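Here is how the chains run, residue by residue.
Protein chains: 2
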Amino acid sequence: MQNKKIVPRKLAGFWELDPEKELIFEIMLDRIKQVFLRHAFLPLDTPVMELSEVLLAKSGGEIDKEIYRFEKGSTDACLRYDLTVPLARYVAMNEGALTFPFKRFQIGKVYRGERPQKGRYREFYQCDADIIGNQNLSLVADAECIALYKDIFETLNLNAVIEVSNRKILFGLIEELNLSEKFNEIATALDKIDKIGKEEVEKILTDLGVVKASCEKLISLVSTKGEFDEINKALEKLSSSNTFKEGLLELKQIDSYLKDMGAEGSYLFNLAIIRGHNYYTGCVFEAYLSGLRQLGAVGGGGRYDNLAEYFTDKKLPGVGMSIGMSRLFDLCVQNDLLKIDITSKNKASIIPLGDTLSTCLKICNKLRSSGINCEVLFEDKSFKSKLKDANRSEVPFVIIVGEEEVSSQKFAVKNMQTGEQNSLSTEEIIKLMR
Amino acid sequence: MQNKKIVPRKLAGFWELDPEKELIFEIMLDRIKQVFLRHAFLPLDTPVMELSEVLLAKSGGEIDKEIYRFEKGSTDACLRYDLTVPLARYVAMNEGALTFPFKRFQIGKVYRGERPQKGRYREFYQCDADIIGNQNLSLVADAECIALYKDIFETLNLNAVIEVSNRKILFGLIEELNLSEKFNEIATALDKIDKIGKEEVEKILTDLGVVKASCEKLISLVSTKGEFDEINKALEKLSSSNTFKEGLLELKQIDSYLKDMGAEGSYLFNLAIIRGHNYYTGCVFEAYLSGLRQLGAVGGGGRYDNLAEYFTDKKLPGVGMSIGMSRLFDLCVQNDLLKIDITSKNKASIIPLGDTLSTCLKICNKLRSSGINCEVLFEDKSFKSKLKDANRSEVPFVIIVGEEEVSSQKFAVKNMQTGEQNSLSTEEIIKLMR
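First to last, the sequence lines map onto chains A and B.
Take 411 as the starting number for the first sequence in this note's numbering and just add one per residue.
Take 411 as the starting number for the second sequence in this note's numbering and just add one per residue.
Hints were generated in silico from the structure; no laboratory data involved.
Keep in mind that this is a model prediction, so the values were computed, not measured.
Be a bit skeptical, because a hint or two may be false.
One copy or any two copies: either way a pair holds, since identical chains are not told apart in the list.
Unchecked claim - Below, a list of computed lysine-lysine pairs in the DSS-like style, where the Cα atoms sit at most 27 Å apart: (1) Lys420 to Lys475; (2) Lys772 to Lys669; (3) Lys724 to Lys794; (4) Lys468 to Lys662.
Construct the entire structure; sequences and hints are all you get.
Pasting the structure below:
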């Protein structure tokens, strides 16, 4: 045995749940997976690492300081920072073998080497679903991604609202106002309206050289939200640009598809939704927990024109939705929103009293064969400390097997919540636990 | 759009399944998880990275050339090469909060930067379960780990045999033969007996200075296999060393527990099982697919004296079992052993014929609400090419919605395997699909 000990610690900013919470988290992931499968998405599980050349194709090989990059032998690789670039690589590599639209989901960890801070992790779970078309992609795909949120939040027993917009509307208005070359700055300023208020945004816009009348139009645009008919009425007269009209028409179509999909009431339109990523070219959306909007979006996504332009000449338009699962889970814990039955927990602890270990193992085997999660507390501890362990683990039932019980084959079953105790045969125990 | 394209490729030696296979693989992982939960193991999901100081504690900070290591800012980190060191770190960190024996499972990817070759990956899945005691740990734990294999192979519809031994038996004999200082070399030679045969092993032993009588005893030992009574009879007179006898007695006890656990017939004793890792100190075992023993073990494990000695003074003995899931899956594919119902697949593709998209979306929503995996083929393609897509995806049912069907609310449902076609209402379709 060595004497000098290493202090056991994990990397700062890396997420790690205790087993009790992990049980709940995995049930949540599994339920989300079932929703993706119900919507006929296919699973993909790409490597955690990609070649740097591939992962950094978008930025022309330039490395963002957030990215984990390393060399091993002649290999220059990075840890993935999202699940979209690996999807693009996969689709471009396997183009010929895929049927389009290609609907894939991926649930996995992504890596961002940013400074650890509250609510931000260096390793965290993301759940993504994307639909990739070949040359064209119907707006049904956009509606499908939005409807996924509804089913996911339902299966997690969470109340949430999906806020939907279309970047074409903003782009059309800015175009008409002859401000296209300032699109990014203006969009960035408008994106802040919830945080800093109208007046501050107006100040920034004025500084950018936007005249008062245009400022008013832009602010009026991003202040518009509600059902489609409401926003349509409010926006109709704001612009006569074709792009603007096209964006509005797309939202109308998506609204209609969403109603056919039974998603009414789960979403609203909010023109303040802009999304930072420049690759979005049409419909965009963000998901917020009801009553906790101020804590920020727990997911988002949108339409992009071309998934894999860095890898292939083929035009592959897509639409994707994503949920930041580690963040969502934290918010649920902090706001007491976890309403998940932990079906995967241990149901019974079997305690030998005297020389009955063999009988305990046999009972345990029968229960497990009937699909019941259970265990024998086999360690050389006192009966009292075993009962204490069982209590601490919040197991619903304890089965006590004393020497007399071995001959009677009726065992003391204690309901740990009510304290009620009954003498039952193995078959009766199985019936009770089920 | 940029002109110079990057060739899309993944890192060599990294595993990636196509979605059809991934569906099956994930069902397998989920079934294994259910077995772990049935045995009341708790899930753990440690980060993919650990501090180098922690991960390399065992080797005194020395880095193995297989390990992926990198620096970022002031962080010196490695990708995990197994799931045991992260477990040791976790247990040492959270010692005070855990109830012992601590039973945890982890299913995750591990990383070994070795030269890619057939059957060897740089990133692959491992399923591990370990039981960690505080100061002491009953032999029931060893039996539990062996019994896990039985339940796992059963749930995967695979035939396998678990071969069990105890290093104390070999150690006792070597001790008695006054060869203890050559234990590692002798064990390494004996470990090769299946591959190179008795004569070659005898040659190596003789070169090591082992006299003929001792060679015979050692080779006789590792040639012993069968039920406990058989090996007991064969070995009883081979040595009178206490360690030897203790090892044999432990196997007898484990055999008895395994029978209580209903695992009879799933395992045998084979003294040729030695396991390379020096940290094993007692019972060791390996799992082989029946009839494919020559392809090597698909899993293994054993008893170790002290899980976290590099991190804490506390004595934490443990026993663990592991399955190399990527390798097992490959073997199953190559030998046509996958007998898994793909319950998670798409059950129905709904094809609009004419202007019926809205009705299709409504049917789809009703089916999904009833738990049926399905989708609308919404793309602007010909009916014929949609049927072709459906055929290619091997979906069991296609629902064709023509304009007349919208008014009759009876839809053409085609069984893609039999070719049979029926006109059914949505409710009838739901009944049929379930």
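A quick look at each hint next to the structure:
no.: 1; hint: Lys420 to Lys475; in the structure: both (22 Å within a copy, 22 Å between copies)
no.: 2; hint: Lys772 to Lys669; in the structure: between (55 Å within a copy, 9 Å between copies)
no.: 3; hint: Lys724 to Lys794; in the structure: between (69 Å within a copy, 23 Å between copies)
no.: 4; hint: Lys468 to Lys662; in the structure: neither (32 Å within a copy, 62 Å between copies)
In terms of the numbered hints stated before, the structure departs from hint 4 and from no other.
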